[in-house]
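Participant: Here is how the chains run, residue by residue.
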Amino acid sequence: MSAEIAHPLRERAHAEARSLRVRVVLALGPLAMVAGFAWALAQPYRITLLHPFGEGFWWLVGGESPLYVVLAGLVFWRVVAIPLSEDLQR
Amino acid sequence: MPRAEMVHWWFAGGFLMLTLIAVARLVVGEEVWVMRPWRRYLLPGLMFLMGVLLWPVMTFYTNSTIHMIAHGSWAQVLMLAGGAELGLASGKLHARWWRLCTAFAMLVSGGAFIVHEQQHWLFSRAAFLHHTLGWTLLLGAVFPILQAFRPRSLTAALGFASVLLLIAVQLFADRDTAAIFGHLSQYAGAPHR
Chain U
1 MSAEIAHPLR ERAHAEARSL RVRVVLALGP LAMVAGFAWA LAQPYRITLL HPFGEGFWWL
61 VGGESPLYVV LAGLVFWRVV AIPLSEDLQR
Chain P
1 MPRAEMVHWW FAGGFLMLTL IAVARLVVGE EVWVMRPWRR YLLPGLMFLM GVLLWPVMTF
61 YTNSTIHMIA HGSWAQVLML AGGAELGLAS GKLHARWWRL CTAFAMLVSG GAFIVHEQQH
121 WLFSRAAFLH HTLGWTLLLG AVFPILQAFR PRSLTAALGF ASVLLLIAVQ LFADRDTAAI
181 FGHLSQYAGA PHR
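In order, the protein sequences belong to chains U and P. Under my numbering, think of the first position of the first sequence as 1, with each following residue one higher. Under my numbering, think of the first position of the second sequence as 1, with each following residue one higher.
A few of these clues could be false.
As the list claims (entries may be wrong) - Incomplete in silico selection of chain U near chain P, CB under 10 Å:
id, residue
1, L49
2, G63
3, L84
Stated by the list, open to error - Pulled a few chain U residues facing chain P out of the computed Cβ check, cut under 10 Å:
id, residue
4, V25
5, A32
6, V34
7, W39
8, A42
9, W58
10, P66
11, Y68
12, V69
13, L71
14, G73
15, F76
16, P83
17, S85
For the record, the hints were derived by calculation from the structure and aren't laboratory data. By construction, the Cβ of each residue, glycine as well, lies at the ideal position given by its N, Cα and C atoms.
Next up, chain P with everything else stripped away, as it sits in the complex:
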């Protein structure tokens, strides 16, 4: 079975794609972005797919109950956010308040990151990144909330894309057992490479 850090890198690749798509949409504007119908489903579709792919992660990475609950909750809220955005993109949902599903997903995910990390910040790099990812998501949720109230806000869209990029960078930096700022707990185990 692949190591946990590899799964983090795969999802980091997904978040990097989300970032590039969000930035491109921001640069060209909504009018040009929707000129090809498939493009409007790109970002929400990828979000939904990443939610679906979190289910095997929940199923196979059963190192603790709290990990299973955290992975399961991410799968559910990412699918909810992706589904709501897909509904809005297809025109089946109309109320802009559905955009709050993304903020809800970020709040739940951030909370799950912080709650399921049992170790302190400087225990290892993975522990540190779980804390920073949690806070990035919790604080970053302000941008989709802002987007629900002001859909055309440049700041909100740029902030949301920046949060996606930060998540990607942090997930890429994750290692199962590695030092963080020179700290590595003796209980963390031996680094792989």
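Just chain U, same shape as in the assembly:
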């Protein structure tokens, strides 16, 4: 096969693989956020902020487990995934 044909083919394959990786990396954070949101919908009593009366300080601050999943996804997406996708696209 001529190198003139093989090179663009290889470059296109590399670009497609890179694009897929970018999409996967950028999807990880939102995926975690959706999982946290789905958990909150399935077990709303886990979010004490929705019914705060009679709850102590720690239940209001430290008892919001589905929100931690959303927060982890958000922090990861903003701090890790976005710069990583920029590096992948270079």
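Following the hints, complete the assembly by docking chain P onto the known chain U.
Facilitator: Structure of chain P alone, referenced to chain U:
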């Protein structure tokens, strides 16, 4: 003071972050991952920080001597694993065998989980999860061992990330007093909510 289950959820958040970081590193590959210097310290740094944060847990949750020993041992081995990985990331440590510190941390942690849980599997959800967490860590230690021998193994990296995710899910599922598969011992106490 926060309830024990809340502390488990906070650490679950940490393990979820570790999972996301490990998966992202796996997806992009080592070459892209180290393009920004701060990123190579992310996973080991978080491991080390979680080890440090286990010391207050050991100090304030003194419901039994064996709990203190278990929390103290987790703090030490997590700091050891994080420190070894930080050393490797910074280039101050070179031998790949330092990666075995993570496997050692998992073996010690798994053993501590199983030993410090005095109740049987179906006593309560917390007891059940302590048993499953222990076995998850003991069996999952095979992946960092594999990584020490084959650093580029995709299976080992994927397995390690899966173990981190399993730990996060189990810690999030923990409750101080709740039933497990319909079982709750009369000695466990009344569920909070």
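Participant: State for each hint whether it applies.
Facilitator: Okay, the hints, checked on the actual structure:
no.: 1; hint: L49; in the structure: 14 Å, violated
no.: 2; hint: G63; in the structure: 6 Å, holds
no.: 3; hint: L84; in the structure: 6 Å, holds
no.: 4; hint: V25; in the structure: 5 Å, holds
no.: 5; hint: A32; in the structure: 6 Å, holds
no.: 6; hint: V34; in the structure: 13 Å, violated
no.: 7; hint: W39; in the structure: 8 Å, holds
no.: 8; hint: A42; in the structure: 13 Å, violated
no.: 9; hint: W58; in the structure: 4 Å, holds
no.: 10; hint: P66; in the structure: 9 Å, holds
no.: 11; hint: Y68; in the structure: 4 Å, holds
no.: 12; hint: V69; in the structure: 6 Å, holds
no.: 13; hint: L71; in the structure: 7 Å, holds
no.: 14; hint: G73; in the structure: 7 Å, holds
no.: 15; hint: F76; in the structure: 4 Å, holds
no.: 16; hint: P83; in the structure: 6 Å, holds
no.: 17; hint: S85; in the structure: 9 Å, holds
Of the numbered hints listed earlier, those contradicted by the structure are 1, 6, 8.
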